[in-house]
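From first to last, the protein sequence lines are chains C and U.
Start counting the first sequence at 0; every next residue gets the next number (numbering that gives the first Met the number 0).
Start counting the second sequence at 0; every next residue gets the next number (numbering that gives the first Met the number 0).
One thing to keep in mind: the hints can contain errors.
[Claimed, not checked] Using C-beta positions, here's what the derived DEER-type ranges look like:
| no. | chain 1 | residue 1 | chain 2 | residue 2 | range |
| --- | --- | --- | --- | --- | --- |
| 1 | U | W450 | C | M26 | 50 to 60 Å |
| 2 | C | L193 | U | V413 | 27 to 37 Å |
| 3 | C | G622 | U | R100 | 53 to 63 Å |
| 4 | C | K620 | U | V163 | 51 to 61 Å |
| 5 | U | V413 | C | Q217 | 34 to 44 Å |
| 6 | U | A196 | C | L222 | 30 to 40 Å |
| 7 | C | R648 | U | R356 | 18 to 28 Å |
| 8 | C | D623 | U | F432 | 20 to 30 Å |
| 9 | U | A6 | C | R648 | 51 to 61 Å |
| 10 | C | S635 | U | G18 | 54 to 64 Å |
[Stated by the list, open to error] Counterexamples of contact, computed for chain C against chain U with all Cβ distances above 12 Å:
| no. | residue |
| --- | --- |
| 11 | F28 |
| 12 | G378 |
| 13 | V549 |
| 14 | A575 |
| 15 | P576 |
| 16 | I662 |
The set of hints was computed from the structure by calculation and includes no laboratory data.
For clarity, every value in this text was computed on a predicted model and none was experimentally measured.
From the three backbone atoms N, C-alpha and C, an ideal C-beta is built for every residue, glycine too.
Residues per chain are reported as follows:
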Amino acid sequence: MNPAMPTIFLIIVLAPLAAAVIAGIFMRFIPRHFSHWVTILGVAVSFVLSVYVLWQMLYNSMGNFNVTVYNWGVVGNVQFQVGFLVDRLTALMITVVSFVSLMVHIYTIGYMADDPGYKRFFSYIALFTFAMLMLVMANNFLQLFFGWEAVGLVSYLLIGFWYTRPTAIYAGLKAFLVNRVGDFGFLLGIALVLTYSGSVNYAAVFAYAPQLAGQHMQLFPGLAWSVPTVICILLFVGAMGKSAQVPLHVWLPDSMEGPTPISALIHAATMVTAGIFMVARMSPLFELSDTALSVVMIVGAITAFFMGLVGIVQNDIKRVIAYSTLSQLGYMAVALGASAYAAGIFHLMTHAFFKALLFLAAGSVIIAMHHEQDMRRMGGLRKYMPITYITFLIGSLALIAFPGFAGFFSKDTIIAAVHDSQRAGASFAYWCVLLGVFVTALYTFRMFFMTFHGKERFVVEPGGKHDHGHEDHASEEHLAPGHLAHPPKESPWVVTVPLILLAIPSLFIGWLTIQPVLYGGFFGSSIYVAPNHHVMQRLTDEFHGAANMVRESVTSPALYLALAGVLVAWFFYLYAPQLPALLAQKLNAFYQLLIHKFYFDEIYAFFIAGGTRGLGNALWKGGDGVVIDGVLVNGSARAVGWLSGVLRRGQSGYLYHYAFAMIVGLCLLLGWLLLR
Amino acid sequence: MTFTLPAFTPAIPEMFVLGMGCFILLVDVFLSDRHRVVTHWLSLATIAATAWLTVTVAENAGLLTFSDMFINDSMGNVFKLFTYLTVALTFLYARDYFNDRNLFKGEFYVLGLFGMLGMMVMISAHNFITIYLGLELLSLSLYAMVALDRDSPAASEAAMKYFVLGAIASGILLYGMSLLYGATGTLDITRLGVHIAEAPDINIGVMFALGFIIVGLCFKLGAVPFHMWLPDVYEGANTPVTLYVGSAPKIAAFALFMRLLVEGLGGLRAEWRTMLIVLSILSMAIGSIVAIVQTNLKRLLAYSTISHVGYILMGILVGTTAGYQAAMFYVITYVIMAAAAFGIIILLARKGFESDRLEDFKGLNDRSPWFAAMMLIVMFGMAGVPPFVGFFGKLYVLRAVIDAGMIWLAVVGVIFAIISAFYYLKVVKLMYFDRAPEGMKPVEASLDMRWVLSGNSLAILLLGVLPGPLMALCARVITF
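All chains, please: the whole structure from these sequences, using the hints.
In structure tokens, the structure reads:
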């Protein structure tokens, strides 16, 4: 055991924080370029050290760390500490998080070049990285919750980064509020854990977990619930908020209001993966409850399939990717529900790379289109921006699980695991994830074809007054949508280099790591799977190397479904582009359902938001205004004042009145004694 | 019949005060106005010497003398020492005030000392006759002191009212005592307690006697509905006299409650508890509510006194040791706060300007930030804001009430504490947020008064930060 390790952990966490503080607090005093250098340096330090930790774990057989660095408080018998649990799960997570974050930092230099909030943005994303690292490295529930909330807070700040846009403010608020709903469940879950196990420390809680198994509690009188089921479902409610599972997914598409780098960061590395990570981390608890795992699986399956459907009808390039994130998060949840935690985390990792790639590539397209995001005004961009085109293609192939690409290995494993699972709801989940492959391929290549192939649907208006810097936003405001001042061109190197760096793992990471991560016992003791839940075990027996897996995919339905999806996309959007509109007309009811995203937003806005506002209004005007302010506060003050005016008249100044009062008082006392 | 001399030692402080009072009276006759300050310092020296004597002859176990009519015990001695302290503060604060108004005569000091003697006798009384003796000595001194400024119609009116009502109260008390003597055949407090504890059934005569005695005691303390004299006397009398009337006699009256009700009539606790509950709530209510509309600070403080009396009664009526201790803590701290409050009024007053209206306190912070802060401490202390000592007074009383299971009464107490906070905070608001009227002069006062008054006010803060020793003292001397 390396004694320097706790210090290294501290540096991993604190380097981004220090960078965020420097860039944020001294914003007014530091030059622009310094703010990106300091934050990049901070995150790079984290990344390098994370790689070092992972390296030590993998090749120097370093054991798990569970260290407490600070005793924050003691309440009764419960200790609240700041500490780190670093095992292979954590090591993998911090490497992925810091790598994606680093790429996003570099990319931001180009993307946000003209933004007045440049330094603020760097401060926020470094803070975001810090929060996520805190979350994944925690060794207790309290610190987990701290990171959880910190991630939520910074995501609110970042989604609403352009705070002059009403839609951005709305989206930020929505993300925050929906996450509050999830956090409520999460907090209740933590409270239950604390109640039953008497500790918030992972090690203590997991050690206590077997005793939890047989216990029951009465949520409603006369109805006994298994304690692990209640705890796990409550914890998963928290995960549903953060990882955007149906029905708490509504904030994620709206989060596209934030700048593109932050979309990449939220969707790929931080925030949404928190829920998946948390469930995997809590595997000793979840394994106690088949019911809870079924819930996880079914919720994930619904998210995976139905959110993919919505992705088909979106026209905003970023929104398509957002819905694809929802769908992929559903896949991860399904894997968790099938007890294939390793597969879920594996998909999380591969997804982090190709989703960050897709977002950043989309951002590159958006830069080239002068912040136009509607795909109906794109097309034929292939020849203008070759690097973006190729990297985007790699990301797309990875996303649709084309054999050999990163996504293939993880997604196919999930499908196989669900196929093998005996859990209630597994067959439903299996069909959802299988058909989801078709849907994924359809919307992904629809987006791909609409953006890079086909007719150019934008208009270039070269000419005198637009002939100035590409950075100048003000002059572009008055151009009609889809009208560009000059032809799109490839983005600068700060944008393309991260794309290339992300394309490499999107190509190879699955190939290289499936053997050790999934089947080599990589996670060791950090993930616990009950012996009777061992779907991964069977897959291990069937696994004969990555190359064989690619070869065998020819016999699996998933490949043909994916190819079918690509073919359909090609047919509708390249071969016969007039067909989609026609189809939408014919299947209007279905189309409306999809275009309104199954009416989740409308229902929430009307019932929950409207109901809450109505209740708040009633309580404010009726309860607070009339009863509390009017009657209780002002009313009692007025009553006392009035009484005071009346009573003072008793003090008449006449001696005989005074004497009379005394005699009356005496008589009353004596009378009471007599009649008692 | 043989006549043995009683033991005089336990009563030496009383005899000393009596002798010195007469001596100062004589000396004062031969002093010219220029040398009147000799009387002042002589009186203070007398008090200091009395305190020393009291400590010297203190009998912790309790020693009876004069045919069991007089007792020297630790509770009485602690009460006496705080009485000396308050009377001494009164004398100190009074000097400049009377000097400015041509009232700097020996009478105030002599009457003050005799009043103090009356209080000492009340505190040490162990027989109804002694109680009555002390009470009358105190009362007659007070009547005369209120009328000290004989050219002031307000003072004369106040003295007249006080005298008549006081006479009625004395009569009522005396009547109660005679009834009690008729029913039990004794005037000795211990024997009375034994008799009542052993009596198989309590006859109506004893009950009536109890009612009369409570009325008499509550008049002294100023509980509603026997409070009518209080606002008029507080307002009409000169401020130093108000200070005298409003502070030390409360300690003596509380001692009477302890001796009479608790020691003597403790067997009737169930009966007097209900009466005191009613009187306590009425006192808190009238005191808190009527104070709100007052424009005169002395009158306001009179109502505030009535309200505080409600809390003192609350501590007594609990009928537990903790309750008595809490009430004693409350009385002592209240007296300290009252002394500081009136002291500040005296400090701000000048010839022809009493500074006793609320508006006179507007913008005090601009005129004298230090004494505005002192007044703030006093007002916060009276309102019961932590960390000032008033908070702990209320806390201990309310805790005793809650421990006795009368949560509703504690709730009532808290409600009236909130109402009364209004007028204390109003004073603070006037001092800090309003502008002083034109032509207000800066505060001027002698150095010794400034120091003593500051110490008095800061004691409210200090005792609030460290309430432990005083509470321990109360716990040590009250053991029934």
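Hints, one by one, checked against the model:
no.: 1; hint: U:W450 / C:M26: 50 to 60 Å; result: holds (53 Å)
no.: 2; hint: C:L193 / U:V413: 27 to 37 Å; result: holds (34 Å)
no.: 3; hint: C:G622 / U:R100: 53 to 63 Å; result: holds (57 Å)
no.: 4; hint: C:K620 / U:V163: 51 to 61 Å; result: holds (57 Å)
no.: 5; hint: U:V413 / C:Q217: 34 to 44 Å; result: holds (37 Å)
no.: 6; hint: U:A196 / C:L222: 30 to 40 Å; result: violated (59 Å)
no.: 7; hint: C:R648 / U:R356: 18 to 28 Å; result: holds (21 Å)
no.: 8; hint: C:D623 / U:F432: 20 to 30 Å; result: holds (27 Å)
no.: 9; hint: U:A6 / C:R648: 51 to 61 Å; result: holds (55 Å)
no.: 10; hint: C:S635 / U:G18: 54 to 64 Å; result: holds (57 Å)
no.: 11; hint: F28; result: holds (39 Å)
no.: 12; hint: G378; result: holds (70 Å)
no.: 13; hint: V549; result: holds (75 Å)
no.: 14; hint: A575; result: holds (79 Å)
no.: 15; hint: P576; result: holds (74 Å)
no.: 16; hint: I662; result: violated (8 Å)
Of the numbered hints stated above, those contradicted by the structure are hints 6, 16, listed in ascending order.
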